[in-house]
Amino acid sequence: MALLSKKDTNLLLDPLSDNNPITIQVLGICSALAITAELKASIVMAISVLFVMGMGNVVISLMRNIIPSKIRIIVQLVVVATLVIIVDQVLKAFAYELSKTLSVFVGLIITNCIIMGRFEAFALANGTWRSFLDGIGNAAGYGVILVIIGFFRELLGSGTLLGYKVLGDPIAKTGLYSIGYENNGFMLLSPMALIVVGLIIWVQRSRNKALIEEN
Amino acid sequence: MSLKNNLHQLKEKYRGKKMAPAFNALHTFLYSPNETTHSGSHIRAVDDLKRTMNTVIMALVPVLIFGIFNAGYQHYAAVDAANGIIREASLFGNFLTWDNFIMGAWTVLPLVIVSYGVGLAIEFLFAVMKGHEVEEGYLVTGMLVPLIVPVDTPLWMLAVAVAFGVVIGKEVFGGTGMNILNPALTIRAFLFFAYPTWMSGDKVWVHQAVDLAGGPDAISGETVLGFLAQGKTSEMSYSVADMFYGFIPGSVGETSTLLILLGGLFLLFTKVASWRIMVSAVAGSLIMGLIFNVAVSAGWITETSTFYGLMSFEYWKHLLVGGLAFGIVYMATDPVTGAQTNRGKWIYGFFIGLISVLIRVFNPAYPEGVFLAILLMNVFAPTIDHYVVKGNINRRLKRAKNAMVLPTDGEGKAEKLKAETV
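Going down the list, the protein sequences come from chains F and G. Here numbering that gives the first Met the number 0 is used: the first residue of the first sequence is 0, the next is one more, and so on. Here numbering that gives the first Met the number 0 is used: the first residue of the second sequence is 0, the next is one more, and so on.
A portion of the hints provided could be inaccurate.
[Said to hold, decoys possible] Below, a sample of chain F positions facing chain G; criterion: calculated Cβ distance under 10 Å:
#1 LEU166
#2 GLY167
#3 GLY179
#4 TYR180
#5 GLU181
#6 ASN183
#7 GLY184
#8 PHE185
#9 MET186
#10 MET191
#11 ILE194
#12 GLY197
#13 LEU198
#14 TRP201
#15 GLN203
Keep in mind that the hints were calculated from the coordinates and are not lab data. Glycine included, every Cβ here is placed at the ideal spot set by N, Cα and C.
With the hints as constraints, model all of the structure from the sequences given.
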């Protein structure tokens, strides 16, 4: 028997492409625009959300039969907030500089629509193992887009990747900079992140015509 | 066998093939096709898209030629200024010279070529990919772009910006006629935010100033707005006549208010541009300028304020410097991105003028706000139209509801009632 049944595999893999939380459901855009100027921040954010969402879905799924439906949003908020504070404290302890870059956005994971959306739409109605897979899958789908945006924004905006000067040194004029190349400052601004998201959506939909909504 | 027939035959030969739109485009671009409408009755008018675009280009040619001379003139003027020689601008004495023309053509024409080359290449690419005809929309954009950038903009930056502007500003929305934002201004905005060091400061407006910076032959040329924004009004040596005729540093085509005015009159005469937008934009900028002038003369703003230089600038002079006149005449009147209703045009134009001067004065980071103002109003134009149309419907509905139903009996009585209701 395979480790994952076909249905479980779909739970894990669908959010990566055809049901991506950012490009298809257009959720979690705020953080995708705000913290993707550097690849490193994008990766840390992706991992943080992966943790919060995987754990959160499991906790909510375990409690799903004892949560009174009238106060379920409050319970969900408490769970997310707890997990987010754990992430925040870990970051502050082990990666202080980075936690300063991410600043308020780690705390704002609480308001990330994808998380509340998955709690409501999936964890409240499904078993623990499948909720876990769903959480991981959606967080990975979110993370993939974040990393793609972060990659292009850092490469074109700062000429670096994870802090390494891959295109040469802009001050000493080495590498590409010696022939007059310059960093694109627009890439570091949030509007350009929105345009990059738009371009990803464009590419994805022109590769898979089934995703185009009829209107 | 004329070229037209050759093209027509090529078009027939490639009908249905992948490259067909490219040949079609070339054919319709150069000639009016032989084809007639197949069904129904149509009114055939001469002012098609091609004619409209060509009219705007004709209005831009004098500005371009002036820009070429001015590019050379500003270079030599800056060299003279660096050597301590004071120069008095005179049209035939030191402006319309071969030296200026050659120097200017050498710097401005590459901008024109890159703008048209990259932009038309992308237009053809999308036409072939999507299988539609190439529209003439880029003809004007391609001419506007070199006129609204600093002379020394590196060509690769311009190419990147044009590619971005044409794809993101126009093609993703469905091509010419479907775009929300003015493509030329999208390109300008991209350049401004992506490479700010090349788009502002006192080095970029004069040819070679960037190359010579820091050396013994360093030259510079600050724009009028630049002087004012830094509060160096007294150091500025340009007279009002210089500003009006255009002997000042600035983007290639924006300096000569006189030629822009003539171009604008030409556009109004040919009915290509909307006089409502132009008039209301001028009014908007004058009113905003007046408000600032009043604030200064009332003593609310003292000379120590950072805004003093620009706020005390006489209100009507705002039209002579920077890109305001150019933006109002050639950009705000873009029929695609502007408001469509007559009342909407008044509102749209008014806010362009108002916001341009507002940004110009209050934001020290952007010594020029015209392109931001026009882009902002481009976004709002459909909203304005929506409310104008809705207001019109409501007014008519109200009138219909209040109208009295006239009794049909007795003609004399009906006349009387009619007189009362009207």
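Status of the hints after comparison with the structure:
For LEU166 of chain F, the interface hint is violated, the least distance from its beta-carbon to any beta-carbon of chain G being 14 Å, above 10 Å. Using the Cβ-Cβ criterion of 10 Å, the hint placing GLY167 of chain F at the interface with chain G is not satisfied: the shortest such distance is roughly 16 Å. A distance limit of 10 Å between C-beta atoms decides the matter here; for GLY179 of chain F the minimum to chain G is near 6 Å, and the interface restraint holds. Taking 10 Å as the C-beta cut-off, the interface hint given for TYR180 of chain F holds, the closest approach to chain G being about 8 Å.
With a least beta-carbon distance of about 6 Å to chain G, the hint placing GLU181 of chain F at the interface is held under the 10 Å criterion. Here the hint on ASN183 of chain F is kept, as its CB sits about 4 Å from the closest CB of chain G, short of 10 Å. Because the beta carbon of GLY184 of chain F sits about 5 Å from the nearest beta carbon in chain G, less than 10 Å, this interface hint is met. For the restraint placing PHE185 of chain F at the interface with chain G, the shortest Cβ-Cβ distance is roughly 4 Å, inside the 10 Å limit, so the hint holds.
The interface hint given for MET186 of chain F is met, as the beta carbon of that residue sits about 7 Å from the closest beta carbon of chain G, less than 10 Å. Taking 10 Å as the C-beta contact cut-off toward chain G, the hint placing MET191 of chain F at the interface holds, the least distance being around 8 Å. Hint status for ILE194 of chain F: holds, given a least beta-carbon distance of 6 Å to chain G, under 10 Å. A distance limit of 10 Å between C-beta atoms decides the matter here; for GLY197 of chain F the minimum to chain G is near 8 Å, and the interface restraint holds.
Given hint, LEU198 of chain F at the interface with chain G, holds; its Cβ is 8 Å from that chain's nearest Cβ, closer than 10 Å. With 10 Å as the threshold, the beta carbon of TRP201 of chain F comes within range of chain G, its nearest partner Cβ sitting at about 7 Å, so the hint holds. Among the interface hints, the one on GLN203 of chain F is violated; its C-beta lies about 14 Å from the nearest C-beta in chain G, farther than the 10 Å criterion.
Against the hints set out earlier in the document, violations occur for numbers 1, 2 and 15.
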